[in-house]
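Enquirer: Sequence:
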Amino acid sequence: MKKYGELIQFEPVTTIIKLKESAEQHKAQQLVASYVISDKMALKLADIIIPQLQFEESVDNKSLWVVGNYGSGKSHLMSVISAVAEFPELAKFITNDKVRHVAGKIAGKFKVIRFEVGASKKAFADIVTDNLTSSLAEMGIDYQFPSMDEISSNHKPYFEEMMALFHQRYPDQGLLLICDEILDYLRSRNQQQLPLDMAMMRVMGEVIDGTRFRFICGVQEAIFDSTQLAFATQEVKRIRDRAEQVLITRDDIKYVVAERLLKKDAQQLHWIREYLQQFTPCFDRMNERLDEFVRMFPVHPDYINTFERVNGAGIEQRQVLRSLSRQMQALMEQQVPLDKPGVFSYDTYWDELRSDPSAKTNPDVGQVIDVGETLFTRIDQAYPTATEIDFAKRLVAGLAIHRLTVGDVYNEMGATAAELRDSLCLYLPGIEQLPGEKSKNLETQIVAVLTKIRKTVNGQFFSKNKANDQFFLDLKKTEDFDAYIENKIPLLTDDSRNGAYREAMLQILEETDMQQPNVQMWRHELKWLDRNVNRPGWMFLGSPNERETAKPPLDYYMYFIQPYNPPKQKKEYIRNDEVLFILQNADADFNRSLNYYAAAVDLYASATGNAKNVYKLKADGYLREMQTWLKSHFKDAYVAQYNGQSKPMMDWLKGTSVRNISGLGDSQIGSLKDIFESVASHILANHFVSLAPEYPTFSQWITYENIESAAKDALSVVSGGAATKRANAVL
Numbered sequence: 019m020k021k022y023g024e025l026i027q028f029e030p031v032t033t034i035i036k037l038k039e040s041a042e043q044h045k046a047q048q049l050v051a052s053y054v055i056s057d058k059m060a061l062k063l064a065d066i067i068i069p070q071l072q073f074e075e076s077v078d079n080k081s082l083w084v085v086g087n088y089g090s091g092k093s094h095l096m097s098v099i100s101a102v103a104e105f106p107e108l109a110k111f112i113t114n115d116k117v118r119h120v121a122g123k124i125a126g127k128f129k130v131i132r133f134e135v136g137a138s139k140k141a142f143a144d145i146v147t148d149n150l151t152s153s154l155a156e157m158g159i160d161y162q163f164p165s166m167d168e169i170s171s172n173h174k175p176y177f178e179e180m181m182a183l184f185h186q187r188y189p190d191q192g193l194l195l196i197c198d199e200i201l202d203y204l205r206s207r208n209q210q211q212l213p214l215d216m217a218m219m220r221v222m223g224e225v226i227d228g229t230r231f232r233f234i235c236g237v238q239e240a241i242f243d244s245t246q247l248a249f250a251t252q253e254v255k256r257i258r259d260r261a262e263q264v265l266i267t268r269d270d271i272k273y274v275v276a277e278r279l280l281k282k283d284a285q286q287l288h289w290i291r292e293y294l295q296q297f298t299p300c301f302d303r304m305n306e307r308l309d310e311f312v313r314m315f316p317v318h319p320d321y322i323n324t325f326e327r328v329n330g331a332g333i334e335q336r337q338v339l340r341s342l343s344r345q346m347q348a349l350m351e352q353q354v355p356l357d358k359p360g361v362f363s364y365d366t367y368w369d370e371l372r373s374d375p376s377a378k379t380n381p382d383v384g385q386v387i388d389v390g391e392t393l394f395t396r397i398d399q400a401y402p403t404a405t406e407i408d409f410a411k412r413l414v415a416g417l418a419i420h421r422l423t424v425g426d427v428y429n430e431m432g433a434t435a436a437e438l439r440d441s442l443c444l445y446l447p448g449i450e451q452l453p454g455e456k457s458k459n460l461e462t463q464i465v466a467v468l469t470k471i472r473k474t475v476n477g478q479f480f481s482k483n484k485a486n487d488q489f490f491l492d493l494k495k496t497e498d499f500d501a502y503i504e505n506k507i508p509l510l511t512d513d514s515r516n517g518a519y520r521e522a523m524l525q526i527l528e529e530t531d532m533q534q535p536n537v538q539m540w541r542h543e544l545k546w547l548d549r550n551v552n553r554p555g556w557m558f559l560g561s562p563n564e565r566e567t568a569k570p571p572l573d574y575y576m577y578f579i580q581p582y583n584p585p586k587q588k589k590e591y592i593r594n595d596e597v598l599f600i601l602q603n604a605d606a607d608f609n610r611s612l613n614y615y616a617a618a619v620d621l622y623a624s625a626t627g628n629a630k631n632v633y634k635l636k637a638d639g640y641l642r643e644m645q646t647w648l649k650s651h652f653k654d655a656y657v658a659q660y661n662g663q664s665k666p667m668m669d670w671l672k673g674t675s676v677r678n679i680s681g682l683g684d685s686q687i688g689s690l691k692d693i694f695e696s697v698a699s700h701i702l703a704n705h706f707v708s709l710a711p712e713y714p715t716f717s718q719w720i721t722y723e724n725i726e727s728a729a730k731d732a733l734s735v736v737s738g739g740a741a742t743k744r745a746n747a748v749l
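Position 510 of the sequence shown, counting from 1, maps to 528 under the numbering used here, and the rest follow consecutively.
Bear in mind the hints are in silico, worked out from the structure with no lab data behind them. We put the beta carbon where it would ideally sit given N, CA and C, even for glycine. Treat each hint with caution, since some may be false.
Only pairs whose alpha carbons sit at most 20 Å apart, straight line, appear in this in silico EDC-like list of lysine to aspartate or glutamate [said to hold, decoys possible]: (1) K411 <-> D398; (2) K484 <-> E430; (3) K586 <-> D607; (4) K649 <-> D692; (5) K45 <-> E107; (6) K174 <-> D227; (7) K458 <-> D388; (8) K649 <-> D607; (9) K129 <-> D115; (10) K473 <-> E497; (11) K80 <-> D57; (12) K470 <-> D487; (13) K653 <-> D692; (14) K634 <-> E497; (15) K495 <-> D548; (16) K691 <-> D654; (17) K140 <-> D167; (18) K569 <-> D548; (19) K456 <-> E437; (20) K129 <-> D215; (21) K653 <-> E643; (22) K494 <-> D388; (23) K630 <-> E497; (24) K456 <-> E292; (25) K58 <-> E239; (26) K129 <-> E179; (27) K174 <-> D160; (28) K482 <-> E564; (29) K80 <-> E277; (30) K123 <-> D78; (31) K140 <-> D215; (32) K36 <-> E199.
Derived CB-CB ranges, DEER-like [what the hints assert, rightly or not]: (33) N594 <-> S689: 21 to 29 Å; (34) K653 <-> T403: 26 to 34 Å; (35) S689 <-> Q602: 19 to 27 Å; (36) K358 <-> K691: 42 to 50 Å; (37) T403 <-> K691: 24 to 32 Å; (38) T462 <-> P666: 42 to 50 Å; (39) Q48 <-> P355: 31 to 39 Å; (40) K653 <-> N505: 51 to 59 Å.
Let's have the full structure, built from the sequences with the hints guiding it.
Expert: Put into structure tokens, the structure is as follows:
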């Protein structure tokens with residue numbers, strides 16, 4: 019087995035690069051040397067950026083707008099451009115041959131002014147002119163722009179005047195003004211302010227043509243296509259006419275990830291290829307994309323695509339390279355698993371997202387986080403297959419992140435089981451042993467797990483679009499019925515809890531026909547084993563205090579005592595025709611199920627519509643838990659009490675067995691009802707003898723269902739009729 023650290027020459031990206039750092043030559047050299055350039059970025063630098071900046075050849079020079087999300091390497095790129103433009107010695111450290119060759123056109127040819135706009139309240143024109151004035155003063159150039167009140171048209175003639183002074187002092191150089199982090203500033207401007215700001219941007223683009231002034235601006239999105247600027251369409255067009263956009267694409271970022279964070283030598287690449295090859299039949303197009311999977315290992319190639327689509331205020335400043343760096347650092351000492359593909363995908367971003375307090379400042383993002391965490395809790399508490407819990411959580415985490423990539427978090431859009439399988443590289447060990455197509459088998463298993471998740475949470479927060487089989491987190495289903503049940507539990511009375519216990523026992527004892535409307539009691543029969551006959555009695559889900567309600571008096575009374583605040587039985591009222599079954603050793607699991615059942619039943623009684631159905635489903639589930647527990651723990655949980663003596667229920671059967679008493683065949687499995695009745699029959703055997711010492715012993719079993727017909731058969735024989743087995747049994 020190998021560790022991840024043995025397969026990757028890992029170089030983390032942990033710091034945020036600030037544009038102004040490139041003004042210091044030693045730091046600038048590090049930035050240039052560490053900048054990884056993809057083939058596509060090399061074309062952009064060689065064919066767009068450098069030609070637009072240079073001033074030795076006559077071209078239609080324009081301003082440059084560098085567009086890239088937070089963490090895409092935008093600031094690093096701008097730092098490299100400004101560093102090479104200012105310090106001629108740094109061109110040799112450029113990592114791409116083609117770019118290094120053409121960089122001579124700008125290397126050391128500029129004085130550079132760097133600034134970030136940030137959260138300023140000033141007009142953009144004032145921000146620009148203030149930075150120019152102060153920086154030019156440091157260069158020995160004294161130039162003051164007039165105030166806005168003194169400008170009749172625009173700033174263009176003053177820029178030309180400024181550049182004339184600049185050329186007098188630096189005749190062989192150009193002036194590069196480079197600005198980063200402008201998007202938040204533009205978003206903060208209102209519809210009256212923004213046109214003036216944009217007018218200044220247009221002027222800066224226009225003044226480039228015919229002077230050695232150059233302007234580069236970094237933004238997080240292509241603002242010229244932004245719907246927020248739709249009201250200023252004409253002004254946007256005029257800026258765009260004098261600007262070139264340089265987009266940092268996902269392919270550029272993937273190249274940086276593969277060549278810096280996840281660089282590998284030939285041996286490492288070979289091992290990873292052989293390792294991943296065994297899993298390709300389980301995923302669509304993994305075989306066709308194997309080169310990409312190997313190069314990006316252990317990061318799923320689709321991680322960055324999804325990461326960049328995550329939307330929501332409060333999480334825009336996510337840093338894909340830094341996030342991947344943190345995750346890789348945690349993996350370096352871990353073993354690469356041999357029974358599943360050791361590839362991680364966008365679901366791993368879930369832990370980082372939910373641990374970031376600032377993410378919840380956006381209501382939509384906060385709601386997705388809350389719902390995801392609720393689903394995680396429910397899976398921990400109630401998911402039925404323990405070995406699948408981690409797998410189920412990966413699905414929920416993936417769907418939570420996916421929820422933030424579709425624009426409107428309330429859209430009924432999600433991912434199919436096949437899409438989740440491939441985009442998360444999901445795998446269940448053992449799937450390869452099933453017959454049939456492996457990818458289809460895996461898809462079927464994922465559907466099964468997703469279905470279990472839906473059942474576990476009773477459909478809350480979790481939906482499936484029947485039109486396209488996409489699963490998604492449904493934020494509209496925000497009622498947390500489990501929380502309502504939990505909040506109800508402290509308000510339960512002992513009567514409610516005892517009622518819950520009685521409901522469980524009703525089904526265990528298979529009784530439904532109560533004889534009294536307000537007392538749970540039934541006509542009942544127990545076997546008198548020695549005489550092959552059933553004896554009539556009463557069975558109560560209650561205490562001996564309710565005995566007087568049973569009419570007429572019968573041979574015995576069998577009680578299942580309520581577990582909460584049971585009534586005390588006085589010695590003088592202890593009778594030898596009564597058997598009491600008392601639940602004395604219930605554990606925390608049983609009490610939890612009972613409390614949740616009682617709370618769900620209470621809420622069901624007052625609920626309406628869909629809520630009523632949900633509480634019914636939940637109550638049924640908790641009731642099954644109680645019944646399962648009782649069937650599994652009855653030997654230790656119950657004591658049987660007779661004539662003032664109490665002992666564990668099964669201790670009363672020493673010398674015999676439930677099978678002997680109940681008459682079960684060897685292939686039959688007794689129920690809990692059979693056990694209770696067998697114990698009671700054995701305990702009351704002597705009592706039955708005392709009631710009818712001369713009672714005959716029958717050769718066939720006589721019950722109160724057949725006793726009348728058996729008597730008629732016997733009388734028929736006495737009258738000269740044909741003998742039957744049952745008649746002979748009576749006679």
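Enquirer: Indicate, hint by hint, whether the structure satisfies it.
Expert: Results for each hint:
1. This hinted pair checks out: K411 and D398 have alpha carbons roughly 9 Å apart, not beyond 20 Å.
2. Restraint check: the Cα-Cα separation between K484 and E430 comes to about 10 Å, which is no more than 20 Å; the hinted pair holds.
3. Between K586 and D607 the alpha-carbon distance is near 26 Å, which puts this suggested pair outside the 20 Å criterion.
4. About 11 Å separates the Cα atoms of K649 and D692, which keeps this hinted pair within 20 Å; it holds.
5. With a C-alpha separation of about 13 Å, the suggested pair K45 and E107 falls inside the 20 Å cut-off, and the hint holds.
6. Simply put, K174 and D227 have alpha-carbon atoms about 11 Å apart, close enough for the 20 Å limit, and the pair holds.
7. Among the hinted pairs, K458 with D388 is inconsistent with the structure: their alpha-carbon atoms are about 33 Å apart, more than 20 Å.
8. Simply put, K649 and D607 have alpha-carbon atoms about 13 Å apart, close enough for the 20 Å limit, and the pair holds.
9. Annotation: proposed proximity of K129 to D115 is violated, straight-line Cα distance about 25 Å (limit 20 Å).
10. Between the alpha carbons of K473 and E497 the distance comes to roughly 15 Å, so the proposed pair stays at or under 20 Å and holds.
11. For the proposed pair K80 and D57, the alpha carbon gap of about 23 Å is over 20 Å, so the pair is violated.
12. About 15 Å separates the Cα atoms of K470 and D487, which keeps this hinted pair within 20 Å; it holds.
13. For the hint linking K653 to D692, the alpha-carbon distance of about 13 Å falls within 20 Å, and the restraint holds.
14. At most 20 Å may separate the alpha-carbon atoms for a hinted pair to count; K634 and E497 meet this at roughly 15 Å.
15. For the suggested pair K495 and D548, the alpha carbons sit about 61 Å apart, so the restraint of at most 20 Å is broken.
16. With a C-alpha separation of about 16 Å, the suggested pair K691 and D654 falls inside the 20 Å cut-off, and the hint holds.
17. Between K140 and D167 the alpha-carbon distance is near 15 Å, which keeps this suggested pair within the 20 Å criterion.
18. A distance of roughly 27 Å separates the Cα atoms of K569 and D548; the hinted pair therefore is violated under the 20 Å criterion.
19. A hinted pair counts as satisfied when its Cα atoms are at most 20 Å apart, and K456 with E437 qualifies at roughly 15 Å.
20. For the suggested pair K129 and D215, the alpha carbons sit about 25 Å apart, so the restraint of at most 20 Å is broken.
21. Taking the CA atoms of K653 and E643, the gap is about 17 Å. The hint holds against a cut of 20 Å.
22. Using a Cα cut-off of 20 Å, the hinted pair K494 and D388 holds, with the two alpha carbons roughly 13 Å apart.
23. Between K630 and E497 the alpha-carbon distance is near 12 Å, which keeps this suggested pair within the 20 Å criterion.
24. With a C-alpha separation of about 18 Å, the suggested pair K456 and E292 falls inside the 20 Å cut-off, and the hint holds.
25. With a C-alpha separation of about 19 Å, the suggested pair K58 and E239 falls inside the 20 Å cut-off, and the hint holds.
26. Between K129 and E179 the alpha-carbon distance is near 17 Å, which keeps this suggested pair within the 20 Å criterion.
27. A threshold of 20 Å between alpha carbons decides the hint, and for K174 with D160 the separation of about 18 Å falls inside it, so the pair holds.
28. The suggested pairing of K482 with E564 is violated, with an alpha-carbon distance near 52 Å, which exceeds 20 Å.
29. Distance hint between K80 and E277 is unfulfilled; the C-alpha atoms sit about 32 Å from each other, more than 20 Å.
30. Of the supplied pair hints, the one linking K123 and D78 holds, its CA atoms being roughly 16 Å apart against a limit of 20 Å.
31. Using a Cα cut-off of 20 Å, the hinted pair K140 and D215 holds, with the two alpha carbons roughly 10 Å apart.
32. Of the pairs offered as hints, the one joining K36 and E199 holds, with about 10 Å between alpha carbons and a cut-off of 20 Å not exceeded.
33. For N594 and S689, the Cβ-Cβ distance of about 27 Å falls inside the hinted range of 21 to 29 Å, so the restraint holds.
34. A hinted range of 26 to 34 Å holds for the C-beta pair K653 and T403, which are about 27 Å apart.
35. Take S689 and Q602: their Cβ atoms lie about 21 Å apart, and the range 19 to 27 Å holds.
36. At about 46 Å, the CB distance of K358 to K691 agrees with the hint of 42 to 50 Å.
37. Restraint check, T403 to K691: a C-beta distance of roughly 30 Å satisfies the suggested window 24 to 32 Å.
38. For T462 paired with P666, a C-beta distance near 47 Å keeps the hint of 42 to 50 Å intact.
39. For the pair Q48 and P355, the supplied restraint of 31 to 39 Å holds, since their beta-carbon distance comes to about 36 Å.
40. For the pair K653 and N505, the supplied restraint of 51 to 59 Å is violated, since their beta-carbon distance comes to about 35 Å.
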